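Engineer: Letter by letter, the chains look like this.
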Amino acid sequence: MTTPPSVRRRRSTASRVTAALAALAALALVATGCESAVEAQSGGGGDDAAGGEPQSGGVLQVGTTSDLVPAGLFTNSSQTTDVLVGQVYDSLIDYPLDSLDPQPRLATAWETSEDGREVTVDLRDDVTFHDGSDFTSDDVRFSIETWADPTWTVQFQRTAAAVTGFDTSDPNKIVLSFDRPISNLLDLFDVMPIIDEESFDADATGQTYVGTGPFTFESWTPGSKIVLNRNDDYWDGAPYLDGVQINIVPDAQSVVSQLRSGQLDTILGMTNRDAESLGEAGGFTVHPFEGSERHTYVGTNVTNPALKDVRVRQAIALAVDKERIVEEVYRGVGRPISLPWPEYSPAYDAEKDATYSRDVARAKELVAEVGDIPTLPLEYSTALANHEAIAQIVQDNLAEIGIEVTLQPNEQPDHIEKLIGGTFPGLWILDHAYAQYTPSTLAVTAYPFNAEKNSSNFVDDTYKADAVAAWEQVDPSSPEAVEAYAKLSDDLLENLFLIELSTTTFQAVTSNDVHDFTWSKRSEPVLAKTWLSS
Amino acid sequence: MTVAEVEPAEGTTGRTWRRGVLLHGRGLLGLVLVTVVVAAGLLAPLIAPFGANEQIEGANLVGPGGAHLLGTDEVNRDIWSRVLFGIRVDLIVVFVAVPVGAVVGIAVGVATTMNGLADTLAQRLFDVVLAFPVLILGIGVTAVMGPGVVTVAVVIALAEVPVFGRLVRTSLLTIRALPYVESSRVMGAGTWWLMRRHMLPNSLEPLTVQLGVSMSVAVFIEGALSFLGLGVRPPDPSLGSLIRDGIRNVWQSPTFVVGPLVVVSMLVLGFLLISQALAAGRRA
Amino acid sequence: MARYLAGRLPSALFVLFAASVLVFAVLRLIPGDPAVTLAGPDASPEAVDAVRAELGLDQPILHQYVAWLGDLVRFDLGRSYVLGVDNASLVRDGLTNTIVLTLAALLVAVLMALALSIGGVLANRRWLEAVLSGFNTIAVALPTFVTGTLLIVLLAVVYRVLPAGGTPPEGFASRPDLAVQYLLMPALCLGLPAGAALTRFLTESLRTQLEAPYVTTAQALGISRRRIVLTQALPNALPSAVTVLGVQVGALLGGAVIVEAVFAWPGLGLLIESGISGRDYPLVQVLMMLSVLVFVVTQLLTDVANAWLDPRIRLGGAAA
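Residue numbers (UniProt numbering), protein chains in the order written: chain Y, 1 to 534; chain G, 1 to 284; chain L, 1 to 320.
Isolated chain Y, as found in the complex (with noise of 0.2 Å):
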């Protein structure tokens, strides 16, 4: 009587477990046979080809840990917008990355006028937009206007706010005045991307992306991916490859991880040790991006009791062992400094370059001098993947010669926002670019060495004057500039209120399925020539 029952319900659950069986057994199969994700995935393969002949297809898989922030888009605020806005957009000239001998590119011949306040631009005749309407003088006029425009904080704002007239008569030349001569015009021609008016108010939403450049924007997913395709009427030549997709992977092991499982070809973003061992694995090749340096500091506000007087620090500057964060920490990407400018640049000086070699015996002596010091914060900030170790180098450093610092990681809007009001209360490390370009720039709009205004809250006349004469120099390797550069180095040198440490630069690793990477003085990948052999 009880029996029909139970036997209905012990079937049913019977089953239930066994049909829960088989959809493991279902899935064990699916993840072993049929088609592989893994083999689906990887576009390239094969041996590597390097040096043969350029094949054309393929999307490159780009892998970068941060994602697209549309307000930033100019400010070459993250490693993902400079793989965008490398590929979507044009500039007027191009730097090579040992010199600063500008070399045409949407521009092809430009003259300033005797008396510097006047510069006419030539330009290509034969470029279209994504969207297919011509490239005009009209365009470089909106271009400059809106760099000019301060909601965009762009680094050469100055500069193009500079620019009191346009004639856009020629639609192929554009005739710019100014009230006083520039030294750096030509910076900007190289960092700023060539727009287009009608739809730019898209660009600054992450709608859309129209530039003249070598590959198209097709969409951005927020979290997740930005895809590009080729631009078939590129003016320079359509580029080899089908496509780009940038792929946004935030953990910095897990991009690693994804170009050793070959799902991607390309990555940005990981730390030096990372980029080492994959060098050393076989199957990769690690770009360091030399011509674009980036400069790591130590910072003091000079406000603060304690950092004062300058005898502390020169004793931070002589205590740090530069040596040692670049060979362990940058892996030796890089060389220790005192002042900023790289070895191409009119203004560098080696000896001057050494003057703040390690001395800890003259840093202790420093330290008795100046007596007791207060312990002082150290702030670095998170996103900066090798910043916590030379927190922790430059902590040690300083224990050594009686010097105690507590180490404060902050978010990176949270360091910027203290970079920028001038409000860390003690010391902090960051990086600082744009010593690469005419050396007049940094101390006009860099924040560190803004004269008006900087991070150190450090005030000097005679430091004022000697970066607008610096400024007002119309050739920079003239030998008038070159004497102006030199006070500015000393300026530096005394005042010591930013302590630089070691160049470095951006790095990329590329699979060697991944031919003819190169990247721009602006730190931005270029793969109008890259292809993948597979």
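Hints are supplied without guarantee of correctness; some may be wrong.
Okay, the calculated beta carbon distance ranges per label pair [what the hints assert, rightly or not]:
#1 ARG233/G to GLU53/Y: 25 to 35 Å
#2 ARG180/Y to PHE75/L: 54 to 64 Å
#3 PRO45/L to GLU369/Y: 36 to 46 Å
#4 LEU150/L to LEU91/G: 23 to 33 Å
#5 LEU238/L to ALA107/G: 27 to 37 Å
Source of the hints: derived by calculation from the structure; they are not laboratory data. Note that this is a predicted model, so its numbers are computed, not measured. Glycine included, every Cβ here is placed at the ideal spot set by N, Cα and C.
On the provided structure of chain Y, position chains G and L as indicated by the hints.
Structural biologist: Quick look at chains G and L alone, frame taken from chain Y:
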């Protein structure tokens, strides 16, 4: 009073402890694991060959063996010494933050359970805290307070308050309904007397079991927060931050992560086994 | 049932309201000014002020709260400061990915719990019990962020069997066979601890059931152990297992923060983490409220499921 003889509440926990933890193989194993880790943490200054933050010249990411049992990290520190000192952070989290959270939770639970309105209010507030997954709560608290040991401790204590508050409420309500408590009440025993004499001692058992579980979870939370870069501040080590450093260097020094991982697993496992044994002893 | 549910609603609404106050207040305490962040490193004070006004951050705080709550109730989720995109579309994309991942993890957990607990109880061998319990405890004791990385190194790099991360390029629906392979590792990572907890619980309740008098009677009548477990013990043990499962959903959502970061899975966990570090208030507010909403709804569903499975709770629960 006669009621007191109905059930001698005292000693139950002691018996459970002996029966469950010491005699039960599982409990004993758990106790040994936890004791070893705790002892290693307490004795760190004596047994660690190097200082926790001592940077040794030239020893960059050295593999295990020789002078460095577990090798060295990316800023030339001895990993074994850092593991020993790192245990101490977890000890603070486990033996300070969890008990503090538990005591606050129990106090709130006890104080409010007997009062209808206060009870409802407390329960709803517990709901609000529980509604945030612990890690999301942790990210929020860290965003306000900044990273550090104190922040981790606050997150863990905060997360434990509703857990214990809920638990003490349930067991108080259950015990109140038991026949002998019911009868003492009928015989005129006061609420506070009942609470002290019967209800609290009897709810100690589930609370002890939960304490073990919470302690193992706390080790995890410390690890997860440190993994997200929200844990202790460099240069001080914690087990979680050491695992993070190990994972970061998984290609340069694959053995790095093993040491801290083993210690974390020992702690988590130890506390779980003890609490399982306690629960089993209670049922036996 | 409807009355039972209606009894639960006020407290659920209270939790939502209190959480909204908390979320709003806490995010205002975070150091760092989103206007400055957005304006960028080289912005002038005027530019920062302009951004602040545009975001409504210059309004009194109470005004901001009321405006936000009003928008929320009308399902106007606002716009992300940092990404410049509608929060609604961000949440929609993230939610889909997180739901798929969480469901897959739940499936892993439930299958694992059913197989291991029923298998263990049926086999009734001491050594098997020890092995299963050992496996279980280790599954609980291994942190997700370690298992995730190690799984990737093993199954995606050393043996190239599964993708190292990301979501399937062609979506979940169009190529389910590929989608499963993308899901396998993250779901396993996320589901394993929950599965272990569930296994433990289910094994215990099955054992407790087997000690009940009705089982002794059934055994005396000569009914096989297997049949008793499957037809009697299991159905009786299920209601409380559902409660445990409900609690685990919350844990899964928390765990998703780490699993999504390790596997580059663009879900809500990743979104909330990047939102907080980018000081993206509107986005974080919406996401935190969403997680509270999920918790509240899960609780209600668990209660309902329990009441449905076990009338005693429904009657008793209404009184409490």
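Engineer: Take the hints in turn and mark each one as holding or not.
Structural biologist: Hint by hint, here is what the structure shows:
1. ARG233/G to GLU53/Y: 25 to 35 Å: For ARG233/G and GLU53/Y the Cβ distance comes to about 54 Å; the hint is violated.
2. ARG180/Y to PHE75/L: 54 to 64 Å: For PHE75/L against ARG180/Y, whose Cβ atoms are near 55 Å apart, the range 54 to 64 Å holds.
3. PRO45/L to GLU369/Y: 36 to 46 Å: For GLU369/Y against PRO45/L, whose Cβ atoms are near 40 Å apart, the range 36 to 46 Å holds.
4. LEU150/L to LEU91/G: 23 to 33 Å: holds (26 Å)
5. LEU238/L to ALA107/G: 27 to 37 Å: holds (36 Å)
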